[in-house]
Amino acid sequence: MATVVIMPRQGQSVESCIFTEWFKQVGDEIKKGETLFAYETDKASFEEEAAEDGILLGVFCEEGDEVPVLQNIAVIGQSGESIDEFKPGGSVIEPAVEEKEEEVKSLETAEVVEQVVVKEPAANGDVKISPRAKNIALDKGVPYELLVGSGPEGRIIERDIQAYLATAPKVTPLAKEVIKEEGLAVAEPGTGLAGTVKAKDLSASNPVYAEDYEIKNLPNIRKLIAKAMHASLQNSAQLTHHLGADARRMMELRKQVKAKEGAPNITINDMVCFAVIKALKKFPDANAHFLGDSVKYFNKVHLGLAVDTDRGLMVPVIKNADDLSIAGLSRQFKEVAESCRQGSIDPELLSSDAASFTVSNLGNYGVEMFTPVINLPQVAILGVNTIVPRPTDLGGGVYGFVPHMGLSLTYDHQALDGGLATRFLKQIAIEIENLEFSF
Amino acid sequence: MPKSQFIDPTQVRKSGKIEFKDIPVNQYDKTIEEEKVKYSKSQLIGIYHDMALIRHFETMLNTIKVRGEYEGIAYNHPGPAHLSIGQESAAVGMAFHLGVDDFIFGSHRSHGEILAKGMSAINKMSDEDLLDMMKNFFDGTILNIVSNNHQGDLKSLARRFLVYGTLAEIFARETGFNKGLGGSMHAFFTPFGVYPNNAIVGGSGDIAVGAALYKKVNQKDGIVVANIGDASMACGPVWEGLAFASMDQFEQLWEGAHKGGLPIIFNIMNNQYGMGGQTCGETMGYDIAARIGAGVNRDSMHAERVDGYNPLAVVDAYERKMELLKQKKGPILLDVLTYRYSGHSPSDASSYRTKEEVEAWEAQDCIVAYGKELVKAGVADQAELDAIQSDIVELMKYSMTLAIDDEISPRMDLVKHPELIGDMMFSNESHDKMEDRPVDVNHPMEENPRVKQIAKKERFAFDVNGKAYSKIKQYQLKDGLFEAIVDRFYKDPTLVAYGEENRDWGGAFAVYRGLTEALPYHRLFNSPISEASIIGTAIGYAMCGGRVIPEIMYCDFLGRCGDEVFNQLPKWQAMSGNVIKMPVVIRVSVGSKYGAQHSQDWSSLVAHIPGLKVCFPATPYDAKGLMNTALQGTDPVIFFESQRIYDIGEQFHEDGVPEEYYEIPFGEPDVKKEGKDITILSIGATVYRALEAANELEEKYGMSAEVIDARSIVPFNYEPVIASLKKTGRILLTSDASERGSFLKDMAQRITELAFDELDAPPVVVGSRNWITPAYELEEFFFPCKEWMIDAIHEKIVPLKNHKVTSNYTKAEVIRRSKLGI
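Listed in order, the protein sequences are those of chains D and F.
Going by my numbering, the first residue of the first sequence is number 1, and it counts up by one from there.
Going by my numbering, the first residue of the second sequence is number 1, and it counts up by one from there.
Certain hints may be false.
[Said to hold, decoys possible] Residues on chain F that point at chain D, a partial pick, calculated with CB under 8 angstroms:
| no. | residue |
| --- | --- |
| 1 | 390 |
| 2 | 472 |
| 3 | 754 |
| 4 | 756 |
| 5 | 757 |
| 6 | 761 |
| 7 | 796 |
[Claimed, not checked] Using 30 angstroms as the maximum straight-line C-alpha spacing, the simulated DSS-like pairs for lysine-lysine come out as follows:
| no. | chain 1 | residue 1 | chain 2 | residue 2 |
| --- | --- | --- | --- | --- |
| 8 | D | 24 | F | 3 |
| 9 | D | 176 | F | 726 |
| 10 | F | 727 | F | 819 |
| 11 | D | 87 | F | 467 |
| 12 | D | 134 | F | 726 |
| 13 | F | 467 | D | 32 |
| 14 | D | 134 | F | 676 |
Since the hints were derived computationally from the structure, they do not count as laboratory data.
Every residue, glycine too, gets a C-beta built ideally from N, C-alpha and C.
With the hints as extra help, turn the sequences into a complete structure.
What follows is the structure, encoded as structure tokens:
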């Protein structure tokens, strides 16, 4: 019966050996004890003797092969015997290859942010905190005495401080000092920019006015205005140009309107808006919405008008204002202003999206110059000031006082360049100075 | 186990008996009258002078110790003074024939030997050589001191030099022979062939054998004498030295000029007491110490008892024994009978012996008796001898006055230079070779079978696709060690390596496979299984100027060479005042699978001892680089290896382990994996388990761990660890050493001290349990594993979400275990 020859195992840790030499050929007759083959491990070389008499029927490896230990490498038997059953895994010798562990790591290493839990400081002043956490706490003004630690045995460790910092508002350096001194916790945003906590936010009592004040919650509209105005300044690049327009023609027209019995009460404001509409028709770039990576140009002028009400500032819109005569415009203004004051205005008309341009007139109040805030996404707003006499060259070396109306154009430099804005503003002045209408 | 030697069962099983040669006892019986023809008058009177010189020197020390003055000069010497009053003839007789190239090693009681050998060298050296030596020694410091007001010839100046240098050393003066760092028990002076005297009983018994090995391997002239006491014949290391020195292979396997016995004489200064224990009749059983030779080799070590009370008997014995050594018939054992009147030390009241006994020996005093003989033989008259005595007293007064003068002979100024001793702990030199001459090798390196085999290996463990090559194809850690070592063997002719199974077997873990083919026996050989002698001889070999790699196989066997590793190897560079270098790289291997006495990581033990460098590489790249550094240096290195990873491939150095030479400086830890949330600092093979822990921390807990491999622990640079800690705030330290008192604890303490403010939790140590190492199948309960590391992090550093612990790292458990001492 055929006998199989295996690769011997030389030691517990040896997994495979390098086969170095056959001393016998297939078909050779072999005597027990004759040296049959040689092999080596990484530690030593070995020779192996035949354990049986017989004929070398077949071999399954050759010089240089790496053979796993205990694998069949040859068969000794009598001629004619089959060797197929002994072939290791087909006749191909698979080198023993170790699979390297897949190095796919779910790198969600963002450390889990601990929940911030605040407690009363221990009565005896004992606080368990790591030196590192304490250093950061002192540096950033964190009231660590009040924190519940997530470390071993409730020790406050760095991650507790980091979690606190991630949720707590920013604190000014002065406020930090006050917090350190007084051991305060800051949980509410302060009055500084973006909610930064200022030192005065921390004081329970203001040395100037003490308790002499009243805190009222904001009405909704106030909140909306605040939000819109703040957003406007944050999200656009606003600047304002100021220019004066000769107001003589306008004042003359006003005088005529007043003088004519039964004529509609066309105000200076109506006239300015009428002039603005004309100018906008010539400068479509100003009659637009800036949308970040695109601009929406309007075919019609939808004019917004800032209205001061008891409830706060409202900006109703006059749709298709360029279709209106000055009388129509005047009438519509009066209507929307009235419904604003009464609170019956259609909310659709108050949306800043609804207007393509806005006029804010503070001339009635004697304001000589101001910087109105754009109603985004509109690209500009015109501020109208009071009329003041201004020294003007009347020609022929003669100077005289001429009434001028101040115009303040705030525009979004993202959408308009200064040259265009200036020409547009100038155009408004020209329209005002050369105003024509019939009534 | 050389194949050339056949152990024939029919031969070794034959009946028979052992016959011992006779061991002569006190056979010398000549008078001075008879010896006058052989020795000149000046030689015979010189012997008298040298004995008297020793007697006065030690009488002076005794008087200072007992009375606080000598000849009216007051001085307090608080240090030791182990005197040999009575033994002078033995020392002078021993030194008489020895030349400058002959080295003596001694004991704690060796003032006499220093002076005797020093005088012998002075007599034999030419004036030119003497002056040259004195001018160069410590830049002529001692010479300048003793030249002042000197009248007389150069030899008398050299005698001043000898006496002053020895005395200043005993008084711990910076102007002493060893800058005052050796002192009474360790003073020595190599330019006169006086090698370290040793305060550990029997300490020279194996070290001196290493010096003889150095002489043989490097074909240097001269012999070596190990002066050891009769009581030291009970010490294991002395027996190990005897076994090493008498190995058959010197005669039977070493070839050519290297064939033959070691040139060494074990010279037992037999004063018949070991402290108060009487060696004959009480503490030993050899009766006559020379008997020991009969048990050591076929030649009974040519052993002989000599009457050491008669200097000429000793001189005669040395003449005959040195002739035997010339014929390469060593080793030799001499039992030189003598007696000390002085106690073991000044505090010894001699309660163990009678007054009558001491008086009986004093009645036969070696100097008085020899003086009488000289007069009787007409060599000298009494007046001449008296003049010698009074001249020596003057010399003592002169030397003492100088040596106690704080201006002339200051002590080391540790106020002004606080790091003077620190700077001497290591020599930190860098030398390709310790001597410039061709190397003895059997073939060019590129023809070496192992070198050829390694050339076919993959020097980085992974292919371009990141798939690992099979183990056997990978360039392994042991290949890295081999490359560094074989490279040095082809550079440094003095380099030798030995230990258990170093030759044909290739070392128990196959690091040396291939070296046998490359090297002749005298550069690579198997030693007895005798760790004290393996390390002790390496120390002696290095002291003389050679480089050596002793290997003791398992780390656990360090205890077997405890004195050598703890007391000898680390001390001699500084104790010599940096006269001696110690390029010894001890290879030790940390085991596993083999239970309690074969699995211990003792790096902490050696790290505790000042004066040793300690490294423990865990990758092929680090192993080769650190071994290169160890072998390039001049300091003793304990080089740790781990049996877990001899076959590990290079997983970190992506360019593969360089084929060319490179060094990795000691002390620089290496970041094996970067991370930001926690630092894991590991020593040795544990780094692979630390990396497993790091992977699991990342995958299961989203925590990114930085893994730092210490690589070496003495010296160690903490800066990279602190830098890592600044980032992470947390650190876990781990190694396979038992946790209590491990070096990790030292590191943890230092880290706490250096970076307290950075810490988000205390540094946590995960070591092995304070148990015996159990069987392989139970090792998971003993050695650190990734689960333990993660449990410890969870319990002590930062609680991990949803982590379930499997081991107990609570404070209560720490206290419980400490209370029980486990």
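Against the structure, the hints come out as follows:
1. Checking residue 390(F) against chain D: minimum C-beta separation of about 72 angstroms lies over 8 angstroms; hint violated.
2. Against a cut-off of 8 angstroms between C-beta atoms, the interface hint on residue 472(F) holds, since the closest Cβ of chain D lies about 6 angstroms away.
3. Contact between residue 754(F) and chain D, as hinted, is not supported at the beta carbon level, the nearest pair being about 12 angstroms apart and thus beyond 8 angstroms.
4. Taking 8 angstroms as the C-beta contact cut-off toward chain D, the hint placing residue 756(F) at the interface holds, the least distance being around 5 angstroms.
5. At its closest, the beta carbon of residue 757(F) sits 5 angstroms from a beta carbon of chain D; the interface hint therefore holds under the 8 angstroms criterion.
6. For residue 761(F), the suggested interface contact is upheld, since its CB lies about 6 angstroms from the closest CB of chain D, less than 8 angstroms.
7. Annotation: residue 796(F) was flagged as interfacial toward chain D, and the flag holds, the nearest CB pair being 6 angstroms apart, inside 8 angstroms.
8. Proximity of residue 24(D) to residue 3(F) is assessed by CA-CA distance (about 26 angstroms); at most 30 angstroms being required, the pair is judged to hold.
9. This hinted pair checks out: residue 176(D) and residue 726(F) have alpha carbons roughly 24 angstroms apart, not beyond 30 angstroms.
10. A threshold of 30 angstroms between alpha carbons decides the hint, and for residue 727(F) with residue 819(F) the separation of about 36 angstroms lies outside it, so the pair is violated.
11. Using a Cα cut-off of 30 angstroms, the hinted pair residue 87(D) and residue 467(F) holds, with the two alpha carbons roughly 28 angstroms apart.
12. This hinted pair checks out: residue 134(D) and residue 726(F) have alpha carbons roughly 14 angstroms apart, not beyond 30 angstroms.
13. A hinted pair counts as satisfied when its Cα atoms are at most 30 angstroms apart, and residue 467(F) with residue 32(D) does not qualify at roughly 42 angstroms.
14. Straight-line distance between C-alpha atoms of residue 134(D) and residue 676(F) comes to about 20 angstroms, which keeps the hinted pair within the 30 angstroms bound.
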